[in-house]
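Enquirer: What follows is each chain in one-letter form.
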Amino acid sequence: MATMECKIVTLGEGRVGKTSLALKYVKNEFHKDEISTVNANYLTKLVQIPQGSVQLNIWDTAGQERFRAIASNYYRQAKGALIVYDITDRKSFDKVVSWIKELKSQAEKNIVIVVAGNKCDMEKERQINRPEALEFCRKMQIRHFDTSAKSGNGVEEMFMELASQIFEANKGELGQSGRNSRRGKITVEKTKHRENSGKKGGCC
Amino acid sequence: MKGSIIGGVENKNSELKIKTSSQRRKYWLERSGAMYEMSFNSLYYYRLLKEKRNYSSKYTQQIERDLHRTFPNDEYFKNPKSFETLQNILTAYSWRNPNVGYCQGMNFIAGRFLTLGFSEVESFWMLVQVIERYLPFEYYSTMTGVMIDQKIFDFLLRSRLPKVAKVFDRLEINSSLITVQWFTCMYAYTFPKNVVARIWDDIFTEGYGVIYRVSLAIFWMAQKEILNKRELTEIFDCVEHKCLSITNEQNFTTVYNKKLFRINHLLLEKLKDTAIKEVNTELSERMDNKLTEKEILGLISSYCKNNDECKQKNLMTTAYFTFLSDENIDIDEYYFDRENDKKILNVSLLREADCVMVGKKNHICGLEDEEEFYERVHVTDVKSSFLVMADDVRDMEFD
Chain A
1 MATMECKIVT LGEGRVGKTS LALKYVKNEF HKDEISTVNA NYLTKLVQIP
51 QGSVQLNIWD TAGQERFRAI ASNYYRQAKG ALIVYDITDR KSFDKVVSWI
101 KELKSQAEKN IVIVVAGNKC DMEKERQINR PEALEFCRKM QIRHFDTSAK
151 SGNGVEEMFM ELASQIFEAN KGELGQSGRN SRRGKITVEK TKHRENSGKK
201 GGCC
Chain B
1 MKGSIIGGVE NKNSELKIKT SSQRRKYWLE RSGAMYEMSF NSLYYYRLLK
51 EKRNYSSKYT QQIERDLHRT FPNDEYFKNP KSFETLQNIL TAYSWRNPNV
101 GYCQGMNFIA GRFLTLGFSE VESFWMLVQV IERYLPFEYY STMTGVMIDQ
151 KIFDFLLRSR LPKVAKVFDR LEINSSLITV QWFTCMYAYT FPKNVVARIW
201 DDIFTEGYGV IYRVSLAIFW MAQKEILNKR ELTEIFDCVE HKCLSITNEQ
251 NFTTVYNKKL FRINHLLLEK LKDTAIKEVN TELSERMDNK LTEKEILGLI
301 SSYCKNNDEC KQKNLMTTAY FTFLSDENID IDEYYFDREN DKKILNVSLL
351 READCVMVGK KNHICGLEDE EEFYERVHVT DVKSSFLVMA DDVRDMEFD
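Line by line, the protein sequences are chains A and B. Reminder that position 57 of the first sequence reads as 57 in the UniProt record's numbering, one-by-one numbering, no gaps. Reminder that position 319 of the second sequence reads as 319 in the UniProt record's numbering, one-by-one numbering, no gaps.
So that you can see chain A by itself, here it is in the shape it has in the complex:
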């Protein structure tokens, strides 16, 4: 079976849990005070979905606004984007809007976007009304997930959904031999499974 290789980016305000979600998913690690990300980290995982397999190359970016000046590189050619907000922080949700807007105007046309309302283990401190978030995402036709990088809740499902949506959106390319098509490389499956490489602390 062929493997689709694709780049995805994590986006969102600082300290919402972008790195933590990626680390939880790829390495099943969680640190309460994850070191803050400067510029970007890079993680990768091979995902098996019913239709085939997708190698997610995850660019985990810095949350601070001004890194965007140098960060447009990261979502260039990205096939998927994970926009994260913190359910206990109103401002981080407001940022989601501007990210969606930016991606729609600047990124690849068929980029798959999912939104994660992270830290759902802290329900008591919730500031974002859940129905409001769901309604907003429904209007934007974007899948919304409640996640907790701490408990792992929703993390697996979210990345699986992202992977399968990306697969669906790009399967046309898979048929072609395109070894090096610019819009995402497609390679024949390798025997290696990266998720078990057991490397510590992918956080620069």
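Worth flagging that the hints you see were computed from the coordinates, not collected in a lab. Among these hints, one or two may not hold up.
Unchecked claim - Derived, one-sided and incomplete: chain A residues facing chain B with beta-carbon distance under 7 Å: (1) Ser36; (2) Val38; (3) Leu46; (4) Gln48; (5) Gln51; (6) Arg66; (7) Leu103.
Cβ coordinates follow ideal geometry from the N, Cα and C atoms, glycine included.
Guided by the hints, dock chain B onto chain A, whose structure is given.
Expert: For chain B alone, coordinates are given in the frame of chain A:
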């Protein structure tokens, strides 16, 4: 602000005899000019903190987010009081220089000084010196300096380690993906404390140019492995392992001081010129994708609709937009938090306005100081329905 130059000047005599951490402290403070500033402005730091104690800005919030995420495993930060210390330093700096404010990376630099035994006020002045004397111009503020710097490094990589550069080309990636964090934190968390300290000895002695040499040295050490790599992940892993393996500062110093990595001052100036040109072209290309008037207005109204304060007062006001570059709009209330600073914005008048938007491009008129910018565009004269469109701002005459 004292404009430091990209690259810095290198002197060859780096015969340092630093043995203890207190010798190091003294040497850095003297050499960087921090000692001088400190003795002439002995109360400055405390006054700044006192004056701004009850103020908050978008920076103070960002700083707070990063406090517990700066060297969480270092012994120094096991003491809860140390977070407050770090917070003071970063906050004070954000008030000292609102143009820079706070940028992620600064937390690691300030934190490193603290973990190396510098006091709070010493660390503050060291941070000031680093940003205002050592780092290239426009580094943390708009980050154009970072972009230029990465270009320079890319040129150097091509000439010194062409094989490595070729691998990056083949994979269609830019070395900056790996190096930006090294540069913007001055390796503060790339290496263990002792190695960082040794690198910074050289930086404070010879200047910023050392930064390039260290990155070249890392790639040189990892070269053999990089050449076999077929994927970016593998390169990332391999470089990271290489960095982790560098624990002996003496050995590493000999590597990055190799002749191969030494950079002639004139060459650096030349590279800098080319880099600036290339970055300017890239930036102007990005501006072609600017938002239309309609899109901007849409953003304003959606922001105002969602903003609680606007809802309460039924106003279409309180939105202030910063254009970091034309593709990004940052909704920003920073100036409203500084109500007493009438020089910049007349807040009461602004509050009466129906719709306010100030477009600021990346250092649009070459002004370094935001305050000067606002004085010149007469935002203080704002009455109702004041609207400055991005394009108007760009075309405005400032003389």
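Enquirer: Decide, hint by hint, whether the structure agrees.
Expert: Checked hints:
1. With 7 Å as the threshold, the beta carbon of serine 36(A) comes within range of chain B, its nearest partner Cβ sitting at about 4 Å, so the hint holds.
2. Hint on valine 38(A) holds. Least Cβ distance to chain B is approximately 4 Å, under the 7 Å limit.
3. Interface hint at leucine 46(A): violated, since its Cβ lies 11 Å from the closest Cβ of chain B, which is beyond the 7 Å cut-off.
4. Nearest Cβ of chain B to the Cβ of glutamine 48(A): about 18 Å, over the 7 Å cut. The hint is violated.
5. Interface restraint check: glutamine 51(A) against chain B, minimum CB-CB distance 23 Å, threshold 7 Å, status violated.
6. Given hint, arginine 66(A) at the interface with chain B, holds; its Cβ is 6 Å from that chain's nearest Cβ, closer than 7 Å.
7. A least Cβ separation of about 11 Å between leucine 103(A) and chain B goes past the 7 Å threshold, and the interface hint is therefore violated.
Figure legend: structure checked against the earlier numbered hints; hints not met, in rising order: 3, 4, 5 and 7.
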